Structures are given as structure tokens and as C-alpha cells.
Amino acid sequence: MPLLEVKNIEKRFGGLKAISNLSFTVEENVVFSIIGPNGAGKTTLFNVLTNIYKPTSGSIFFRGTEITNLPPFRIARLGVSRTFQNLQVFLNMNTLENVMVGCHLRSKSGLIASALRLPSVIREEKQVRAMALEALEFCGLDEFANRPASSLPYGILKKLEIARSLAAKPKLLLMDEPAAGLNDTETAELCQLIKRIRDSGITVVLVEHNMSLVMEISQEVLVLNYGQLLAQGPPGEIQKNPEVIAAYLGEE
Amino acid sequence: MKRLSGFLLFAALCAALPILFPDNYYVTVVGLTVFINIILAVSLNLLMGYAGQISLGHAAFFGLGAYSSAILTIRYGLNPWLAMLAGAAMVMALSYILSRPILRLKGHYLAMATLGLGIIVHIFFVQADELTGGPDGISGLPVLSIMGLPIDSDIRWYWVLCSFMLLTVLFSLNIADSRAGRALSAVHGSEIAAQMMGIDTAKVKSHIFVFSALIASVAGSLFAHQQDFVSPESFSFFFSIELVTMVVLGGLGSTFGAVIGAFILSILPEVLIVFEDFEVLIFGAILMVIMIFLPEGLFVALKNRVIHFMRRSQGGA
Amino acid sequence: MDQLLQFLISGLTVGSIYALVALGFSIIYNASDVVNFAQGEFVMIGAMSAIFMLKAGISYPLAAFLAIVITAGVGLALDKFAIEPAKNATVVSTIIITIGASIFLRGAALLIWGKEIYGLPPFTNNDPIRIGNATILPQNLWVMLGTAVTVFAVKYFFDHTRMGKAILACSFNKKAAYLVGINVKRMLLISYGLSAALGAMAGLLVTPITFMSYNAGVMLGLKGFCAAILGGMGNSMGAVLGGVLLGIVETVGAGFISSGYKDAIAFLVIMLVLFIKPSGLLGKGEAERV
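Top to bottom, those sequences are chains A, B and C. Count the first sequence with the numbering used here and you get residues 29 to 280, in order. Count the second sequence with the numbering used here and you get residues -12 to 304, in order. Count the third sequence with the numbering used here and you get residues 469 to 758, in order.
Because the hints were derived from the structure by calculation, they are not lab data. Keep in mind that the hints are not guaranteed to be accurate.
Under the rule of at most 25 angstroms between Cα atoms (straight-line distance), these lysine-lysine pairs were calculated in the PhoX-like manner [claimed, not checked]: (1) C:548 - C:523; (2) A:199 - A:223; (3) C:548 - B:93; (4) B:190 - A:136; (5) B:93 - C:555; (6) C:653 - C:643; (7) C:623 - C:633; (8) A:197 - A:223; (9) A:82 - B:-11; (10) A:136 - A:154; (11) C:523 - C:642; (12) C:642 - C:653; (13) B:-11 - B:290; (14) C:548 - C:643; (15) B:93 - C:633; (16) B:190 - C:653; (17) A:199 - A:136; (18) C:583 - C:523; (19) C:633 - C:643; (20) A:268 - A:199; (21) C:555 - C:653; (22) A:82 - B:290; (23) C:745 - A:82; (24) A:82 - A:199; (25) B:93 - B:190; (26) A:35 - A:154; (27) C:643 - C:523; (28) B:290 - A:197; (29) C:730 - C:623; (30) C:583 - C:555; (31) C:730 - C:745; (32) A:154 - B:93; (33) B:290 - C:583.
Quick partial rundown of chain B residues pointing at chain C, CB under 8 angstroms, derived from the structure [claimed, not checked]: (34) 96; (35) 103; (36) 106; (37) 107; (38) 189; (39) 193; (40) 194.
These numbers come from a predicted model, not from an experiment. We treat Cβ as the ideally placed atom computed from N, Cα and C, and that holds for glycine.
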């Protein structure tokens, strides 16, 4: 059974077709990249996959369960997490707290128990703190743990989003342009980080413009153009595909 | 116990005041109003400061609690504690039913809906005179007693309200530092990201709305017994606005900010009384000036400056 | 049926006033993203200053004109001294600032004019006119006419004058407006002045029917906010429509149910509308971009 199965997805905004008749599957334990010129519908696809936008038609399955119409938090509960192109860091918290929110699904204290600070809450707080620190270390952010998120530079915030998602221990991580705005050193670090994420058993679906990064770490690449599937295959094949070259040359 | 050192200091201060100044008007009379306002501001801050959901109708739940106690004890002869409980249950049910449609709204629309709620409830207090006594209100509530001890003097009320106030503050501090509190802050920070972390944002918002309404309702019941009188005036739109002002004045999202804000806004009219006709004018001016120059709130601004100063002096040493 | 007609007449009159207040609301909201809780005080200041100038022996038309000028001045001062210095404030902070301003203005009115209730004479001879079994006062007609003329003038201003278009440009995108050489600060200032003048106009029109006192602006301001929301926040003509609708619904509702609940009906309607369509009648739903 594939991890993620997308069947005949279509998304329209008024008369505009952002995605049309798109089907693909993602197998477990790979880095699956989605590329395409600007406006090809990549971020829209992520928003449809997580049901932030409702698809106009089509269906999506995650580990055999249909998730097409589930609210985002239910999709997250099944083991899907994501990062955002326009950062969605909780700027009203510090770094550690951001990642502790990521542990929400792995803990369970409710409002009343928290207000009373029952012994179970105190115990769980310790565990959550440890889990969050582990995720921070994994991403190399431990030194920033107690810094307010609003004081951190862009590159760190991007990593923080990844750490927050990892803290949820997802099966599938959707990353929306993680390399955008990063310098070469940071991109190289990111490349290593994504590999380690995959090695830890998390499947990564990546939307990215940085071609060398995509070609280096992906097992499978899907090319979108005007919301349609243009090509799909291993990176080597995609690089030679004349239609893909035309689409990119046509644009630039 | 470092986490609660601020709280313990505050509790000690509250306990020391009536012992140091036993018959002081400001302690035993104004103090009671201050406590009620702190309870309300802290409960409103749970919703506004933590979860980022503005409410211009918090006085409605305070009023519903107060009127439930007055009506059920006087007209139906119910035991005061049972009446308080019944009022709280009713407010919880009402706030739960309203929470989903209201909290789906954002920004100015949310402000409008909560404002509407407050005004409708207030008009109900004024108009349903067979039940509520209309504009004149209801007086003559039975004395509340705790384990046979009647709460019938200012100083006894001081201890009762002080305890409930400290409990509310403690709850609020505990929540801030917990999974539930982080979920609220996440909703405040980015609702979409909160959802992607598995947080059922609608449920989280609804729960905190009900919780804060519940605290306001109990505060209302205590207020009704303490005043021995309820009338619509205490629960108007203006009071809701005053509560929001307390929270913002002290600093949104900070429990002690709400405490300080409530304290200042309760004391201010007492101080401004000497200005007689200028009272309203000066009150408005103070509000504007603080918000223009310290938009993050008095307490939070002060705290940030202290932290900043300490960092700098540590760095220099 | 006759009763309904009568209610419609009063509803349309009240609704016209709400429309003007809501239009003022919407102009300020468009220009600066601020919900101005002091909007009702503009209505009060316009009416009260006219009343006292009339008492001082100034002729009615001149008093009315000066009242509008004075109120516009208050609007300018509000922007200059309260909104402009706080330009990085959050939505909640600006709400508190305008609430502070409304309390301040009420306090000032209390000092200057006291607590008494005043009225203005009707604009012209006020013998009721019969329409079937319903009656209409000439002042009601003045309210409707005055509102209609004002609304069209405002619409003309925004659609056809250079300055009006410049203000609109600011409301769409301040940075872009600044880059094409529009003096954004001045446009905001003018919006506040214009909005205050509209409030004063509403005050002048309504006071011969309802009376005025230092705190009578509050409810009018809130109703204006209601109407603006009903029409879809930021949509000026929507605000006008919202005002008229709110006035009619409220009057008809109060007439058939209970006049004591008149204000409750207005707010109940607005809540129901929000529950069903959170972006108002004419507002567009906004999609979040992530």
C-alpha cells in the first residue's frame, strides 16, 4: 500500500484551474519532490493535501484511509505534518515552546487538569520538554531553545518549523520550499537534515525550486506545469526529459 | 517553586494588607471591587490574551451569574450555593452553545458579535422586569455562609474574594505553562499551523470561552451576595469595555498584566474623584496615552524593560 | 398595513442616520484599518455644538455649517493626536485608543455642555403630512433627503475627484500609494475629517426628531458599527445599505414585538447575519494565504 495516494485531484478558484486531474502516489521512506515553474500549483497542492483548501473534485488517501474531507487537525492526527512557504511560526512563544506545541499529539493533558496542575500534568510536562529538546537537537537548534521566536533570523525560523513538525513524529512530512531564502551553507545543512529525516523513517514530500538540492536528495520527482502533471520519475530521467526542459526554458 | 515565586509574593501581599491596615477603606471596601475586577480581567485574559480572541461581552456572563443567584435565592428560595451552581451550569451551557458560531468569526466581526451578546443580555436585564426587577434591580439576597460561618462583614468578604481571586490567578498561571496553554497560544499565533500540529482549534477556543465564562459567572454570584443587590448598570456594555481595557492596559497575554490592569482601573475612579467634573475626561486621556505610548501594556512593558536592563548589566559585568 | 407603512417611514428615517454613521465608520476603516469607536461622539459633537451656537444667537444655517466644521476639526485632531502617533498598534490597541478617545470626548462634552438633554428645531414647518392612514413629518423627509444627497456627494468624491481616488488608493495599498507620490498621512487626515463631518451631519439631521445629550452618541456609534458590519466592513455603499436595512428591521421588529427590545433586535439580527455569513451581506470572504 502506498503511503500517499492522490486520485484525480482538481482545484478551481472561480474560473481558474489551479490543479487539474492530478494523480500520483508516494511510497514509504523516500524523498519525493514536486517541482515546476512559479504558479504551477505546488503550494496549492500542499494546501489541498492538508485540506486547507477543499479540492473541487478527486480523492486523497493516506495509508489507505481517505483524508479528502478531513479537517487539517484530523489529517495531522493520522501522521501528516507540514512546513509553510510563508512561515507560520508561533511568534508569541519561544523556540522550545514552539516545538512543544509540536508534541501536542503525543501528550494529552486537558484544560482542567492543566489549570489544577495535577501530578500527571507535571510528569507529562517533563516528557514533553524532553521530546521537544530532542527535536531541537536533531535540527541543531538547541542553543536557541529559550530565545523568543520573534528574535530569531529567517534561516533559523525555517529550521524551527521543521523541528516543530518532527516533534509530532509524523509518518509523512510535507516541506514547502524549505531552501527558499537560505544561503549556500544553510542549504547544504538543510540537505543533510532532510536526508537524516528520511533515514529516521519519515517520508518527505518536498516542494522546492533549488534544482541541485532536489536532484541530490530525491528518489522521485514530479513536475507540475499549469496545474497538470508534466512528468514523473527518478531525478536522472527528469533532468533529461525534453518536455521538462522546454517548460523551464520557456519560462526563463 | 521558582515558577510560582511571583504568585506567592502576591498572595502574601494580599494577606498582609488587611492585617496591617485593618479598618482602611481602601483595603476592605475598594479592595473587594479590585478583587472582583481582577477575577474578571484574568478570566478574560485567558480568552483574549492567551487565545487571541477578543470579547466585548464578558460582562454578560458576570451578570448572568449575579442575576441567577439573586433570582434563584430570592424568588425561588434556593440555597445560595446551589443557586451559584445552577447559574454556573446555565452560563456554561449558554456559552458552549454560542462558542462555536461566535468563535468562527475573526477580528472586527468577532468584536461585533461579542458586543452584540453583551448588549442583548444587558437589555434583557433591563426589560424582563418580572424576572429581573427591571432597571431597579433586585435587592435582599440571603447571606452566604461557609460551613456555618456567615460571610456578613467586609473583612470576611475580603478573605472570600481574595481566595477566589488567588485561585483564579493560580489557574491562569498554571494554564499558561501547560499543554492547554500552549495550544491556546498556538491558536493565537497561527491557526493554520496549530491545526497542522493536530490541535482542534474550534474545540480549544470553545473550551476556553466556556471556562472564562464560568469564572465570570461565579464571580457574578459572589458579587451579588457581597453587594446584596443586583441591577443592570453593573453589567452594561461599558463594563465589558472596561474589562477589555484592564487586560490590554496591563498587557495582553500576561496574567499579572491583567491583575495590574484591573488594579489600576479599579483604583483610578477613586483617585480621580477629586477632579470631579474632569473625571471622565482624564480617564479617557489616560487610556489613550498609555495605549499610544505603551501599546504592549504597562506591566509587560515594565517587565520587558527590567529583563532588558538585567541582560545588559549582566553582559557588561 | 397602515402600521407597517408607518414603521417603514420611521425605519427609513432612523436607517438614514445609521447609514451616515456607518459610512463614516467605513471611510475610516478603509483608510486606516481602524474601527473607530468614537464615531458616535462625532454625531453628538455635531448636534451639541449646533444647539449651543443656535442658543448664542447664530442663525440656524450658519450654526449647522460651523458645527460640521468644528466636528471635522475634532476628527482631524483624533487622527493627528491619537491614531497617527500609534501607527504600529495592533487591532486591539487601536480599539482601546478609540474607546479612550470616545470617553475623552464624552468627558469634554460633559464639561462644556453638562448633562441636560437638548433638541434642535425642525428645519422647516413640521406639520405632519398624511399618506393614507400613516403620517410623515417634514423633518423625516429632510433626514432622508439630507442622507441621500450626502451619500451621493461622498460617492462622487471617491469616484470622480483626484483626492477621493487618492484616498481609495491608500486604502488598497498604502506603500504603493506612497510610491506614486500620494501624501498618505494627509489622505488619512482627510478621511478622519470627512468621516467626522458625516457624523456631524447625522447629528444635525436626527436631533430635531430625537434630542441629544453628551452621552447619546454611544448607541448611535454602535449601531453604525452594526450597519457597517452588516454591509460588509470596508464596503462604503454596503455600509449605507446596511444602515437603511438595520433601521427598518429594528423599527418594524420593535413595532411588532416590543419597543423595549428595539436595540436587542438590531444586535440579534447582526449576530444571526454573522453566524450565517461571517463576512457581512456585501463583504467578500477572505481566503487565508499560507
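Numbers of the earlier hints that this structure fails to satisfy, in rising order: 1, 3, 9, 11, 15, 16, 20, 22, 26, 27, 28, 29, 30, 32, 33, 38, 39 and 40
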